[in-house]
Amino acid sequence: GGGDGDGDGGGGNGSSSITFLPKNLGNPYFDASSTGGERAAEEFGGSFEEVGPTNATPDAQVPFINTAAQQGVGALVVSANDPTALGDALEEARDAGVKVVTFDSDVDPEYRDVFVNQASPEGIAESQIDIIAEQIGEEGEIAILSAAANATNQNTWIELMEEYAAETYPDIEIVETTYGDDDDQTSFDKTAALLQSHPDLKGIVSPTTVGIAAAARYLSTSQYKGQVALTGLGTPNQMREFVEDGTVTAFALWNPEELGYLAAYAAHALVEGDITGEEGDTFEAGDLGEYTVGADGEILLGDPTVFNADNIGDFDF
Amino acid sequence: MSALKPTPATAGSGGPSGSGGDARSERIYAAYARPAWQRWLFTRETAVIALLVGVLVWANVEVPNFDGPLTLYYLFLDLMPILLIALPMTLIIITGEIDLSVASTVVLTSAMTGVLCIDLGWSFGAAALAAIALGAVAGAFNGFLVGYVGLPSLAVTIGTLALYRGIAVGLLGTEAKTGFPDEWTDRVKERIGESSYPQVLIVFGVLAVLFVLLLHFSSFGRGVYEIGLNDEAARFSGVDVARTKLLLFVLAGAVSGLAGVYYTLRYDLARGDSASGLELQVIAAVLLGGVSIFGGRGALHGVVAGVLLIGVITSAMRLQGETENVTTIVIGLLLVASVVTPSLLAWASGRLPSRGRGKSGPGRSDPA
Amino acid sequence: MSATLTRPQAGPGRGAAVRGVLAGAVRSREIAVAVVLILVVVAATLRNDSFVFSSDGWRDLLLTPSILLLLAAGQMLVIITRSVDLSVGSTMALTAYLTGRLFIDQPGIPIPVVVLAGIALGAVLGVVNGVLVAYAGVPALVITLGTMYIYRGIMLTWAGSDRITADQMPREFLALGTQQVLTIPVLTILAVAVVAVVGYYLHTARSGRELYAIGSDPAAARLYGLKVPTRVLTAFVLCGALAGLAGVLHAARYGSVTSSVGNGIELQAVGAAVIGGVAIFGGSGSVWGAAIGAVLLVTINRALPILGIPEFWQRAVVGALILGAVVLDRVLALRRARRLDEEREH
Amino acid sequence: MSDPLKKSAPVLEMADVRKSFGPVAALRSGTLSVTAGSIHALVGENGAGKSTLVKIVAGVHRRDAGTLRFEGADVDFSSTAESKAAGIAVIYQEPTLFPDLSVTENIFMGRQPLGRGRRIDRAAMLAETRAIFERLGVDIDPRRPALGLSIADQQIIEIAKAISLDARLLIMDEPTAALSGVEVERLFAVARSLRDEGRGLVFISHRFEEVFDLCDTVTVMRDGAYVATTPIASTTPDAVVEMMVGREIGDLFPKQETEVGDIVLKVDGLRSAGTFRDVSFEVRSGEIVALAGLVGAGRSEIARAVFGVDAYDSGQVTMAGKPVRPGKPRAAIAAGMAFVPEDRRRQGLVVDNSVAHNVASVIRTRLSRLGLLTTASENKAVGPWAGRLEVKTNALDMPATTMSGGNQQKVVIAKWLATSPKLLIIDEPTRGIDVGTKSEVHRLLSDLAAQGLAILMISSELPEVLGMADRVLVVREGEITAELARAEATPESVMKAATAGREALAPELPDVLMKEVSA
Ligand SMILES: Nc1ncnc2c1ncn2[C@@H]1O[C@H](COP(=O)(O)OP(=O)(O)OP(=O)(O)O)[C@@H](O)[C@H]1O
Ligand SMILES: Nc1ncnc2c1ncn2[C@@H]1O[C@H](COP(=O)(O)OP(=O)(O)OP(=O)(O)O)[C@@H](O)[C@H]1O
Ligand SMILES: [Mg+2]
Ligand SMILES: [Mg+2]
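Protein chains in written order, with this note's numbering: chain A, 1476 to 1792; chain B, 10 to 377; chain C, 16 to 361; chain D, 6 to 524.
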């Protein structure tokens, strides 16, 4: 850069300026979490910005981290497309004084201050397997429709699901894991391919909101409707009609808006110096009450909610 | 035997202004029709450079944080793959061909580096060399089909675009290779002294000088232009058209391989979905820099300015908080404007003097 | 052009033998692709009979390619005039979003109006491309690369982060995506009808034949007094309109519109045309070839997992297929040239 | 300039039409008046502006000045569609066909017969094509694609195209150049019947026997300007040639006696399927050997194969005793060959490149220092050669597009002389070059031979062949049918060898040229 023209443009951008960087833009799950983040920022009087790439890849996320570092924002709230690839960029941002909070999908602990975890991976994995096992009578073939082949949280959950299913439900066989890239059309076509290649398929688990909605849409117009069970992680608004028409009986999710809300408050607490990310630190998160930082700088939102025909009317996100 | 001499006036060299007093009636030719400043000023390249300077000034004054120490550092780190690949791409487009497979080659070589270094335990240096060699082989495959089999490069490289990325995705599957040696990943990010320029810029600088010498100061480079302007005439003057094209595609492949290694180190990662859309970014930058898609015209300094222009605009707009879409629109408009403006100017200047003469005459050169 | 050449009946003179060879080559191009397609389908069905013999399998076999079919048909129109349109993916995204927006903002709007609006928007975007290419005389590759960025950017800016979901569109519209008539999906019927109309136009209309002439030799076309710019513009408008229709159908079929609709599909459309035997530098190829190419491209993707090839290798197979098609064309052309030489030699 | 043919109405009248292409004044004052029911010959040397005049009538080019009247009304065609619609059909000198389309479609493109619902009526189209082909007596399958047609067949398609237009004015720019005798006769029969129907025809040809056989009036052009119009009946070939050439033609072929030295080029049994076969000959230093023959005989192909631009199937090319690698122009250049090709603008030059880059294009590897080449070193090397050939240009960085044909040819020759070759192959050395430059080129060739260069010259102009060559090789349909020493080479002997077996019209060359040639 040249020499002149700064005025107050270059200097400190306020302390509680918070930038949300989801995996990608145009994803309803992250729209909800950003809504929560923005609401939190309004409450504690900070500024809020959402930036992000169109494609959910780490190389597309890095420039946004760099930009946040250049702007000297107070805190960056990231859902990472890769656990290590963002590491260096995040480290540089922290060197520039930016607090780093990850949510939804973590990076390696050394690269961030805290991780706001939606639910424990074990909890997520087990609840989904339990739901599907119940629907298919604890035996038969099931398949998994994931997001990107490299999505960390997905891969962790899938691994835990496989272990748990093998231990608890020996008659259930996971026959295939396929990847819809969190793209609507791809997930849709991959669902069709799953049903096609496995005529005896009993159930599909899709631990991603894009995937489960696309799969439900395919199933709802297919000959397999009502015969192949579907569950996973989905937002109530997206899944409502499929629960109503019987394509889906039950699915799970935490409230992504609350997740964003909590992440923003955690970021605020870091910026204000209320917490440092040490185990045992506590902070107030608005309506949600008090939270404590756990081991490895993790903050746990709570247990996921299971939605079904009885309770889905109570939720709107 | 054939004592053909270029006649008496061997002495009278081709100096710019003939010092009229050379003995015989032999004619002395001026080297240039226009003075030097005009030759430099009225070019596409100068226009792009001027635009780049203008945007830089604007960004420094108007965009908060643009004058910060990190801006240029990140700018160059982000642009490095485009800068690198734009060099051979310029030569390929000047011959009238195109290579759409470069981004896929980047991913393929990155995957290869990952497999060799992480899975098979090769030293990183050896893996990187193998990856660059693989890039050259991938380029050679394109070049063979285009140069020797005579297939249209657009069709061939659409095919290898899918093929090379497909092989990378097939090799890696769900895996992302990571954990490359720190000494290497750190090296990519080091700065030159205390400046805000990353050291990789030196690698680019060396390559850029080599490509400038190759294109603008060598017999080979003259051949590259001739092929683009008229490949038949080039063949009639002894230019080996097929071999030249092969070589250029090999260079593009090898440089893409280098960019693949860079990609791997910069993100400490080899993944099948990296570098998506990079090929079109490179081509857009090259065209913006004044290279004609028909071949035969363009220069490397314009191309480098074109790449930087896109980089500076992207960086400035991101700092301003504009979303990617707006940047995308601006770059698209720039690209269209940069090719339409010359036609519009020609059309306007052709129409104004010969007023009244209705539609444009039929003698116009072919489109497409 | 195939039709003029594919009837190798008796004709007078020495040309007959040559013509047989030529007709054979041209004809074998579409047939070769169709044969590959049939082989793929048969192989997949042998592995798993639900690929064809189940109601979903049958439906998807016909339904899934229909969108690419439209794009390939449009792309083919542009390619035969020696141009190319890289902006179709972005055009499709814009019209898909427009479709959703209309249903949301104008509740109760009749479906045909929405379909027409989508086609019209596509046509308008095609006009922009066509005017720049045909009248400003700028290469199509550059212009449509630029408009690909611009249209996508406009779509993203317009849509912001909101997406259109199934519950925001009327059921009757979404039903279009799955409805079947005599087990044939409506969308497929629509797409095949469009291809048939395009094929009929190219075969029987003067302006259709002129598209081939322009691509075959633009300079000669000008010398003939053909209206080159007008025809090129027409090709781009038709291509845009078909991409517009594809966008509407995408909304109906997938029931949702996100920012990534049609990302990268332009290269698939070009690839489908090339696989189907459309010469990338214009002048020859049939819309049927492009259509079969599109079906093959999509179907092979669906068949590979069934054939036991991991999904990660699908893309590589597609690439190999495109290369194979281009090389095959060259081999046929060389053989043809050699025959002609021998003819002359007697 | 009085019009001797007042009796019937003029279809076409042109007066003082002017056209320049940049610095080249292709047409300075084009004047032509064609009456209905007559066949009007337009003659003139290469580059006299005949084709340019035709293209103006057709609407390909637009005139810079002058009047153009068609059927009594002032017209200004801005496209070929307009002239076609007005009733003018043109057969251009170079066939312009759509290679991918069928012969029938090529004939009817843009105006196909329409049936019900504005559909193209293919059956009618095919029937009409067959009828036209019958009338022309040709045997081409109307359904085959134009790709791969021989030049003669392509020319026939052009003729069929023009006839099918049913035009009131038919212009034929050298339609017979590639046709055999029978085909020419058929064309003439059709032309006469069109004349008898009351149409106007313009016929351009370099063959006087055809002009005198077919036409009733002749207009002569020279250097882009009108010279005279006379009824055929009241003139002679000699008189026409005098008007055509116009100036001192005595020194047009300044051939010097030279000392013939060692064999430089030896060609042995060269064969390329479908193009030429059994081609063997040699060229010695100091000797000018001409390859003569009809257009399309395959002479250029032989030259291209010798130089390595084209591959050949069998045979051998030897330079100074050493075999030359086939298919590699670079190897040919290294062996001392130079090749001035027939199509200057497409093969000889990169017209968009500067004079300096063009002249330096072959020698530039030699100019490189440590692999590096600078514009300064190119300019330094190029200047003297441009001077030697008296190239007219403002500066060395001017693109060759801006130059006249003759100057461009000088640039091509300069580029090859700069390589200090042992053998110069020169294809149509003076095609489209004005008379003044023509004799300059001839003098240059003669000088070069005198300095010991071996020259292989291809020319379609018989006077040039007879005036310049020490030895003439006649090519017919890809085979060398005669080798004639300078003394034996007469118009009759050359034409006989070039056309034997074909039903050629007797080649009657005007006396003027014969005298001048044997001088
Ligand atoms: N498009 C053009 N641009 C520049 N110069 C041209 C162009 N067309 C023709 N000329 C020049 O104009 C002059 C007249 O050319 P023209 O083709 O009319 O001659 P011609 O009488 O038909 O000769 P030929 O007998 O060889 O066919 C030539 O010097 C030619 O080089
Ligand atoms: N486009 C073409 N398609 C098929 N055959 C061709 C084509 N062009 C030329 N030929 C054939 O190649 C041979 C040589 O043609 P060409 O006109 O180059 O001969 P030439 O003797 O060099 O004539 P010119 O006097 O024009 O230089 C002929 O047999 C001709 O029929
Ligand atoms: Mg002419
Ligand atoms: Mg020739």
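Any given hint could be a false lead.
Quick partial rundown of chain B residues pointing at chain A, CB under 7 angstroms, derived from the structure [unchecked claim]: (1) 74; (2) 79; (3) 85; (4) 183; (5) 185; (6) 190; (7) 191; (8) 208; (9) 276; (10) 278; (11) 283; (12) 326; (13) 327; (14) 329; (15) 331.
Per the computed footprint, the stretches of chain B lying under chain C, defined by three or more beta-carbons under 8 angstroms from a beta-carbon of chain C, are [unchecked claim]: (16) 119-132; (17) 292-300.
A partial selection of chain A residues facing chain C, derived with a Cβ cut-off under 8 angstroms [as the list claims (entries may be wrong)]: (18) 1500; (19) 1501; (20) 1659; (21) 1663; (22) 1664; (23) 1668; (24) 1672; (25) 1674; (26) 1697; (27) 1701; (28) 1702; (29) 1713; (30) 1724; (31) 1751; (32) 1754; (33) 1783.
FYI, nobody ran anything at the bench for these hints, they're computed from the structure.
Values in this document were obtained by computation on a predicted structure and should not be read as measured data.
We put the CB at the ideal spot given by N, CA and C, even for glycine.
* Would you settle whether the hint for residue 1501(A) is holds or violated, based on the nearest Cβ-Cβ distance to chain C being less than 8 angstroms? => 4 angstroms, holds
* Verify the coverage statement for the stretch 119-132 of chain B against chain C, using a C-beta to C-beta distance below 8 angstroms and requiring 3 or more qualifying residues. => violated (count 0)
* Asked: For the hint on residue 327(B), does the least C-beta distance to chain A fall short of 7 angstroms?
  -> 5 angstroms, holds
* **chain C contact restraint for residue 1668(A) - C-beta distance below 8 angstroms** => The hint holds - residue 1668(A) has a Cβ within 8 angstroms of chain C, the shortest such distance being about 5 angstroms.
* chain C covers the stretch 292-300 of chain B, three or more CB atoms within 8 angstroms, holds or violated -> holds (count 3)
* Asked: Minimum Cβ distance from residue 1500(A) to chain C below 8 angstroms?
  -> Hint on residue 1500(A): holds, closest Cβ of chain C at ~5 angstroms, below 8 angstroms.
* Go through the hint on residue 1783(A) and say holds or violated, using the shortest Cβ distance to chain C against 8 angstroms. => 18 angstroms, violated
* Asked: Per the CB criterion, is residue 208(B) less than 7 angstroms away from chain A?
  -> 15 angstroms, violated
* Using 8 angstroms as the Cβ threshold, decide whether residue 1659(A) counts as touching chain C. => 5 angstroms, holds
* To do: Identify whether the interface hint at residue 1754(A) stands, where standing means a beta carbon of chain C within less than 8 angstroms of its own.
  => Result: violated, 35 angstroms to nearest chain C Cβ.
* Asked: Quick one, is the residue 283(B) hint okay against chain A at 7 angstroms, beta carbons?
  -> 5 angstroms, holds
* Asked: Taking 7 angstroms as the limit, does the beta-carbon of residue 85(B) come near enough to a beta-carbon in chain A?
  -> Violated, about 11 angstroms.
Of the hints listed earlier, those the structure fails to meet are numbers 3, 6, 7, 8, 12, 14, 15, 16, 27, 28, 30, 31, 32, 33, in rising order.
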